[in-house]
Amino acid sequence: MKITLDGEPTPVQPGQTVAAALLAAGRVSWRDTRDGGKPRGLFCGIGVCFDCLVVVNGVPDVRACQRVVADGDDVRAQRGAELPEARP
Amino acid sequence: MYPDVVVVGAGVIGAACARALTVAGLRVTVLDRGAPASATTASGEGNVLVSDKGPGPELDLAVASRLRWLSLVDELGVDIEWESKGGVVVATTDAAAQPLLDFAAAQRAVGVQADVVDRVHDLEPHLTKSVTAAVHYPQDGQLQPVLAASALLADVRKRGGTVRAGVAVSGVDTANGRIAGVRTDQGVIACGAVVNACGPWSGEFARAAGAPIAILPRRGIVMVTAALPLVVRHKVYDADYVGAVASGDAALQTSSVVESTPAGPVLIGSSRQRMGFAERIDVEVLRELARKAVALFPVLADVPVMRAYGGFRPYAPDHLPVIGPDPRLPGLWHATGHEGAGIGLAPATGDLLTELLTGADPHLDPTPFRVDRPAVMEAL
Numbered sequence: 001m002k003i004t005l006d007g008e009p010t011p012v013q014p015g016q017t018v019a020a021a022l023l024a025a026g027r028v029s030w031r032d033t034r035d036g037g038k039p040r041g042l043f044c045g046i047g048v049c050f051d052c053l054v055v056v057n058g059v060p061d062v063r064a065c066q067r068v069v070a071d072g073d074d075v076r077a078q079r080g081a082e083l084p085e086a087r088p
Numbered sequence: 001m002y003p004d005v006v007v008v009g010a011g012v013i014g015a016a017c018a019r020a021l022t023v024a025g026l027r028v029t030v031l032d033r034g035a036p037a038s039a040t041t042a043s044g045e046g047n048v049l050v051s052d053k054g055p056g057p058e059l060d061l062a063v064a065s066r067l068r069w070l071s072l073v074d075e076l077g078v079d080i081e082w083e084s085k086g087g088v089v090v091a092t093t094d095a096a097a098q099p100l101l102d103f104a105a106a107q108r109a110v111g112v113q114a115d116v117v118d119r120v121h122d123l124e125p126h127l128t129k130s131v132t133a134a135v136h137y138p139q140d141g142q143l144q145p146v147l148a149a150s151a152l153l154a155d156v157r158k159r160g161g162t163v164r165a166g167v168a169v170s171g172v173d174t175a176n177g178r179i180a181g182v183r184t185d186q187g188v189i190a191c192g193a194v195v196n197a198c199g200p201w202s203g204e205f206a207r208a209a210g211a212p213i214a215i216l217p218r219r220g221i222v223m224v225t226a227a228l229p230l231v232v233r234h235k236v237y238d239a240d241y242v243g244a245v246a247s248g249d250a251a252l253q254t255s256s257v258v259e260s261t262p263a264g265p266v267l268i269g270s271s272r273q274r275m276g277f278a279e280r281i282d283v284e285v286l287r288e289l290a291r292k293a294v295a296l297f298p299v300l301a302d303v304p305v306m307r308a309y310g311g312f313r314p315y316a317p318d319h320l321p322v323i324g325p326d327p328r329l330p331g332l333w334h335a336t337g338h339e340g341a342g343i344g345l346a347p348a349t350g351d352l353l354t355e356l357l358t359g360a361d362p363h364l365d366p367t368p369f370r371v372d373r374p375a376v377m378e379a380l
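As given, the protein sequences belong to chains A and G, one line each in that order. The first sequence: position 15 = 15 (the numbering used here), numbered continuously. The second sequence: position 375 = 375 (the numbering used here), numbered continuously.
These are calculated hints, taken from the structure and not from any lab test. Hints are supplied without guarantee of correctness; some may be wrong.
Said to hold, decoys possible - Only part of the chain A face toward chain G is listed, based on derived beta-carbon distances under 10 Å:
id, residue
1, I46
2, F50
3, L53
4, G58
5, P60
6, D61
7, V68
8, A70
9, P84
10, E85
Even for Gly, the Cβ is constructed at its ideal location relative to N, Cα and C.
Chain A on its own, in the form it takes in the complex:
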């Protein structure tokens, strides 16, 4: 099973969360803050803190710790506050 992380094809295990896949790929940060652009990644890990937000298939603000990977997911870092990509 494969997803892309910031454009890079990356093997993942079925059942892994996006956060687990990112950590396994050696990433600790995949978002920066709206004010000051400070790096953020996994914090609470249980869906409460909304710190681990990431863009999955064009949808921003996905909690990486709650989203289970699906084959072919396009995961990319989130820059501050983003709007969803326009629907085709």
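Once you've looked at the hints, dock chain G against the given chain A.
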């Protein structure tokens, strides 16, 4: 030393009353069974609106109160996230257009700035294209209500008053037919006057004091999106909101109200439902709020919702606040029934109550808000 006045309820109304009474030189104690500003005050959007009120006593109170907020922002010296953001009210059907324009004309006639806008997308680029009429209200504002109430209470303390959280009031003591004290779970506090500022629970407190008034809880729910780039610049709402506010129907009413907060999330309201103090959040309500918000701002369709919160508004059957003395029990005062407008109406309510209590000249006519009016008495 005993307080002159005990204010029961440390929401924004109790805080504004306590602050005005304190500034007038009275010794004030504020009691709340929970934390200050933790119930109705913490459950809204922080609206300071003139746009949703037609000519009449509530609009007069709103206009006076807005001006007081503007001066309080300076007087309190604390950031309460005041934003003179302005409101934009839109009609999205042909049928709704003329009533909105007529409503705005009536407001202009009494001095409210209500500008009909032809190019509303200059103000709100993401707004739906199917707008049939739009009115801009530059005087509408917003603030962070918990900060604002806390700042008022801090000022009460700074001026020598007392604010006590976690003190539950169970009733009053009387002597010679008038208020002599307040009974709490931590003893009796002797005082000369009591202000019932219990919001949706003020009906219960009034009953416990032996002078019931008809105030009921009216449920509302707000949805909160993830933090977004600036997509909503004003407080934007559908013209049918005014009708939903004015309705006395107990059944669910929703009307789209959409606005950004300084932190980035967009708040999506509004719902009104009479369901007692039931705290559940119904999916049906969320679905309707979301559907109507997306109709106003199509860009919100794929935006994630982080959470939703609910609260209770203090509802009076005739939709007017209750401000003044209770003629049945000297020393008992009420400041309640502001429904969803309590944040905006708080400062003028505190001033009016203080003027009546101290015998000063009221800055506006208190008659429409009097306690012994039929809707508040006979609805019991």
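Consistency of the hints with the structure:
no.: 1; hint: I46; in the structure: violated (15 Å)
no.: 2; hint: F50; in the structure: holds (6 Å)
no.: 3; hint: L53; in the structure: holds (7 Å)
no.: 4; hint: G58; in the structure: holds (8 Å)
no.: 5; hint: P60; in the structure: holds (7 Å)
no.: 6; hint: D61; in the structure: holds (4 Å)
no.: 7; hint: V68; in the structure: violated (16 Å)
no.: 8; hint: A70; in the structure: violated (17 Å)
no.: 9; hint: P84; in the structure: holds (4 Å)
no.: 10; hint: E85; in the structure: holds (8 Å)
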